[in-house]
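Student: Chains as they are written, first to last, in our numbering: chain A, 1 to 276; chain B, 1 to 158.
Hints are not guaranteed to be accurate.
With a cut-off of at most 20 Å between alpha-carbon atoms, the simulated SDA-like pairs for lysine to any residue come out as follows [what the hints assert, rightly or not]: (1) B:K37 with A:G33; (2) A:K38 with B:M1; (3) A:K6 with B:L21; (4) A:K55 with B:D52; (5) A:K55 with B:G53; (6) A:K38 with B:D25.
The hints are simulated quantities; they were obtained by calculation from the structure and are not laboratory data. Given the structure is predicted, the values throughout are model-derived calculations rather than measurements.
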Amino acid sequence: MINVEKFVRPASVEAAVALLQAPDSVALAGGTGVSLSKDPSVRTVVDLSDLHDLKRIEVQGDRVRLGALVTMTQLRRSGELPAVLVEAARSVGSTPLRNVVTVGGELARGVYWNDLPVLLLALDAVVELTTPAGVERVPVAAFLADHPKRALAGGKLITAVEFSTAGLPKAGYIKYARTLVDYALCDVACGLRVEDGVIREARVALGAIVPLARRVPEVEQALLGAAPGAETFARAAKAAVEAVEPRPDFRVSREYQRQLVEALVRRALEAAVGPA
Amino acid sequence: MIPIQMEINGQTIEMEVAPDLSLLDLLRAVGVASVKKGCGEGDCGACGVLLDGVYVKSCLILAAQASGRCVETVESLGNVEHPHPLQTAFVDAGAVQCGFCIPSMLLAAKSVIEEYPEPTGDQIREGLDGNLCRCTGYVKQIEAVQTAARVMKEEDHE
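Chain A on its own, in the form it takes in the complex:
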């Protein structure tokens, strides 16, 4: 914020997107990231506070649409969202942070400790981006694959996140941190579709232990076609350890990180299928 000259609060999404076309502009949602930014290139802050349409949660049957400015506290209190999403929202920061941290901000920030994107990967959510030309829909995996900064380049604004709860009825999420409010050491989320006692579809995502949340196809392959249960989950957990190179973390040793990945992948899978 060191070189900021202009602070504007547009009244519509169109006006916000037009302002974001300036390469020296930044979108301000909850502010927990932007307010501390020392980025010298930013000259214009586009405050999204007045875009009230983006603060709505819409649930229609198995379709869920979260406006980009929906806060973690709103997710916690909504009462109509899947329990696993409520749990993931609870795991973000502390109460005064959850009161301002938004769905869009969790995605746009692109730092290792963003918890929500891990679950959104397992839910195969779609990110709605609004540009001057119209609306684009990008799967969250593709949105994160490079870096959110690149996905948002050219002044795109995240306006919503959508997912269906129908495809994958079984989902699990675990955040592991030293205290409830600390940055995660590791997040794991998974979504499974089980038919006739066999796993037909599997999505497993890791966060915090990798530089940016991502799916782990090696684990998903280990699950497909197998029967959900202790043996399969142990094999999948081992596959995760093989597949992932933990991000260096001064808080814990590499050996500890590997054990964490194995234990947490197994537990998240167990949480997804529920008690035997």
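Given chain A, put chain B in place with the hints provided.
Tutor: Chain B only, in chain A's frame:
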């Protein structure tokens, strides 16, 4: 500089601020000394305020972002002559030692009781999870919030 106006504890102020000024630094500059600058980066919670009734960390909110909105700090809660039930309960329970974290913790506690008029221990722990206290160990504060909630409920019935 950016022109802003906001209501602070019932008083409207109008002024011009730098775009990077935090709400915390603004509040301290206009004399609201109960709001403390501990870490300045969103960890300690000593700068907590109610912004349009929502409990937030004022070091992470830009002053310009808070323009047009309503800020409440502990000064709006009560005073020595007329303390708020939370303030009485904190004193009676011995929940205050050095006092640095208390102004914001009282506001966090107020939010908890507004959401849960009869809060459980877990609901209080979650509501206060953004406030570090290095003196007390939190036990007395949790008791105090429960006591205050009971008193406020009784006052409501009278």
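Student: Which numbered hints are broken by the structure, listed smallest first?
Tutor: Hint check: nothing fails, all pass.
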